[in-house]
Amino acid sequence: MAQRNLEKQLNILDYALSSLWRRRLKSLSVLLVFAAVIFLLASFQMVTKALSDKAREVLVHTPEITLQKMSVGRQEAIPLAYRDRLAGIFGIRRVVPRIWGYYFDEVRLANYTVMGMAVEEMPDGARLDTALASGTMPGPAGQGLVAIGQSIKKALALEGRTTFSLFRPDLSLKAFEVSGEFSPDTDILTNDLVVMNLADARDLFAIPAGLVTDLCVYVANPQEIDTIAKKISETMPSVRVLTRPQIQKTYQVVFGWRSGFGSICLLTALAAFVILAWDKASGLSPEERREIAILKVLGWQTSDILVVRFWESVIVSGLACVVGMTAAYIHVVYFAASLFRPVLMGWSVLRPDLHLLPRLAAGDILLTLAFTVIPYLAATVIPAWRSATVPADSALGG
Amino acid sequence: MLIELSGVSKIYNQGRANEVRALSDIDLGVEQGSMVCLKGPSGSGKSTLLAIIGCIFPPTSGRAAIAERQLARLPDRFLTLHRRETIGFIFQRFNILPELTVLENITLPLLPLGVPPKERRQRAQELLARFAISHRARFPAGQISGGELQRVAIARALINNQPIILADEPTAHLDTALSREFMEIMQQLKEAGKTIVIASHDPLVFEHPAIDRTVTIQDGRIHVP
Ligand SMILES: Nc1ncnc2c1ncn2[C@@H]1O[C@H](COP(=O)(O)OP(=O)(O)OP(=O)(O)O)[C@@H](O)[C@H]1O
Ligand SMILES: [Mg+2]
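Protein sequences, first through last, are from chains D and H.
Just so we're aligned, residue 1 is where the first sequence starts under my numbering, counting upward by one.
Just so we're aligned, residue 1 is where the second sequence starts under my numbering, counting upward by one.
Treat the hints with care, as some may be off.
Unchecked claim - In the DMTMM-like style, the derived pairs of lysine to aspartate or glutamate whose C-alpha atoms are separated by at most 25 Å in a straight line are:
| id | chain 1 | residue 1 | chain 2 | residue 2 |
| --- | --- | --- | --- | --- |
| 1 | H | 190 | H | 219 |
| 2 | D | 49 | D | 185 |
| 3 | H | 118 | D | 7 |
| 4 | D | 8 | H | 212 |
| 5 | D | 8 | H | 104 |
| 6 | D | 8 | H | 31 |
| 7 | D | 8 | H | 76 |
| 8 | D | 249 | D | 203 |
| 9 | D | 8 | H | 85 |
| 10 | D | 8 | H | 119 |
| 11 | D | 69 | D | 53 |
| 12 | D | 26 | H | 119 |
| 13 | D | 69 | D | 121 |
| 14 | D | 69 | D | 181 |
| 15 | H | 190 | H | 76 |
| 16 | D | 153 | D | 84 |
| 17 | H | 118 | D | 226 |
| 18 | H | 118 | D | 106 |
| 19 | D | 174 | D | 14 |
| 20 | D | 230 | D | 121 |
| 21 | H | 190 | H | 207 |
| 22 | D | 26 | H | 99 |
| 23 | D | 153 | D | 181 |
Simulated from the structure, these hints should not be mistaken for lab results.
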């Protein structure tokens, strides 16, 4: 009995496959539209996922509190002496000066982010040394040493050499030597980065002694970030105090808006697709009515016909998922989501040659499936119920 | 009696504005192994009567026993189960699916019965050989001749070896030669022990010597001359 039932299900599956094959043009067009919807949805989801992972990576390396001096709404250099005024605030672990700026290389037409860090003063984990693929971070003694990111390496076309020069504001040349190279895995953070010690950065940008661009504050207990930030603002009203949670929130707002906008576009596409599927499935052609009537009069149960429809839909949507998901993965990983650039890449932190590698989680894939396969199954099998109520006697007579 | 109807009536769309009384108070018995012709003008109720005998729907009132099973108030599911074991249908225009091959068409009734592919093919090939159309097995049914189509339709009605064969206006679209051939095959089936009911107003059918009895229907009643 169980054997018979299994054989029956196999027979019905076989019939579903052959009827898909018979209507291969129609099946293929539905499959392609469906795959396109899944492709869009999955690409979008993978990009979103990869970007938020990247954002988290960036934030890990952001100091807990950053202090900048503001004057008439613009940032200007902050005196190192301000460190003394922070000494009285309880809970501050360390205050590290930083000089950074953008350097436009007129020869190679490229923009570099130059970061002068007092590596020796920074706490573990904030130093970026974990991002190195090879070599070492330039220390205070290593005059002219730099660690560079991948796109800088490309732009400088070093090819075995380790030395290069950049211009000071007075157009005199300053020589550098590469001591370390950042890993491509950390590209969102390090791609266009040139890290050197504080003295070299001061020299390159011609910043007077006693001044830096900002002060990075590391606290003993991350729970107290807000309290300490508040105390700093009270002590030094002219200083802008940026905390890591604030930066995080800004990212989320910008990112949330963009992904929300994208979702609306996708949902519209999805709705159009469901309507199309419904329309296709519910409008029974005379041939389909005839086929159903014949099958019924030959002894097929209504449920058998529904199962045929179900298998047809499962096969079409299953194939569409495989095709759509694979295409999405290739699109995101190998083409860096180039179709979504206009929507997503306005996000200023992202470099144009961003390398995305989404970590595929089962939950995300299931979510995409839930938003595509289930509506499709509903849109095709539910109207098929009506089709299965075609009376068998309509196969009789002329 | 393999087919036993007493006081059978059928009302379509009962209680609604488009109510139609198609059959009234039909008494009919058909012996196993006999061949009966239902004759009558268009709209008299032949197809409706055939549908009740064929377990497609139960009568609105009255008793109908087909192969010792009472149809009254039998749910659709069980009607279907009984139908596929008992009834082989041959339709006007044959109701063959043109995109399927001849072999696929013939084996359609076996799919929900859970008959495995090998056995299906074997049974179909026996029938194809018997009706001399083995060479057409892999052809799409839409591409074969009218005579071959007719034999495919008969083969499909026999595939599950059902005891009762019903045919609704089988010769309406056939020329004289094919109509004669059809009746010859029916005669062979009758001799092989099948019980056959044919609805037709074609003299080639109801005047055929193999017909045991002709029942005339008029306005949904059996007409006794
Ligand atoms: N599904 C249906 N719904 C409503 N009325 C129907 C239905 N089928 C048949 N009828 C009506 O029932 C009556 C008998 O129809 P039936 O098809 O049984 O006649 P018939 O003798 O087979 O006619 P024909 O020779 O034209 O095939 C007719 O008046 C017909 O209009
Ligand atoms: Mg009729």
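Evaluated hints:
1. 190/H <-> 219/H: Roughly 29 Å separates the two Cα atoms, so the pair is violated.
2. 49/D <-> 185/D: 16 Å, holds
3. 118/H <-> 7/D: 11 Å, holds
4. 8/D <-> 212/H: This hinted pair is violated, its Cα atoms lying about 39 Å apart.
5. 8/D <-> 104/H: 15 Å, holds
6. 8/D <-> 31/H: Distance ~34 Å between residue 8/D and residue 31/H Cα, so the pair is violated.
7. 8/D <-> 76/H: The given pair, whose Cα atoms are some 19 Å apart, holds under the 25 Å limit.
8. 249/D <-> 203/D: 35 Å, violated
9. 8/D <-> 85/H: OK: residue 8/D and residue 85/H at ~16 Å, within 25 Å.
10. 8/D <-> 119/H: 13 Å, holds
11. 69/D <-> 53/D: 31 Å, violated
12. 26/D <-> 119/H: 32 Å, violated
13. 69/D <-> 121/D: It holds: about 21 Å lies between the C-alpha atoms, which stays within 25 Å.
14. 69/D <-> 181/D: With a Cα-Cα distance of about 32 Å, the restraint between residue 69/D and residue 181/D is violated, given a limit of 25 Å.
15. 190/H <-> 76/H: Answer violated: residue 190/H to residue 76/H is near 29 Å, above 25 Å.
16. 153/D <-> 84/D: Status violated; Cα separation ~39 Å.
17. 118/H <-> 226/D: 77 Å, violated
18. 118/H <-> 106/D: Since the Cα atoms of residue 118/H and residue 106/D sit roughly 77 Å apart, the hinted pair is violated (cutoff 25 Å).
19. 174/D <-> 14/D: Outside the cut-off at roughly 75 Å; violated.
20. 230/D <-> 121/D: 24 Å, holds
21. 190/H <-> 207/H: It holds: about 16 Å lies between the C-alpha atoms, which stays within 25 Å.
22. 26/D <-> 99/H: 15 Å, holds
23. 153/D <-> 181/D: 8 Å, holds
Consistency with the previously given hints fails for numbers 1, 4, 6, 8, 11, 12, 14, 15, 16, 17, 18, 19, ordered from lowest to highest.
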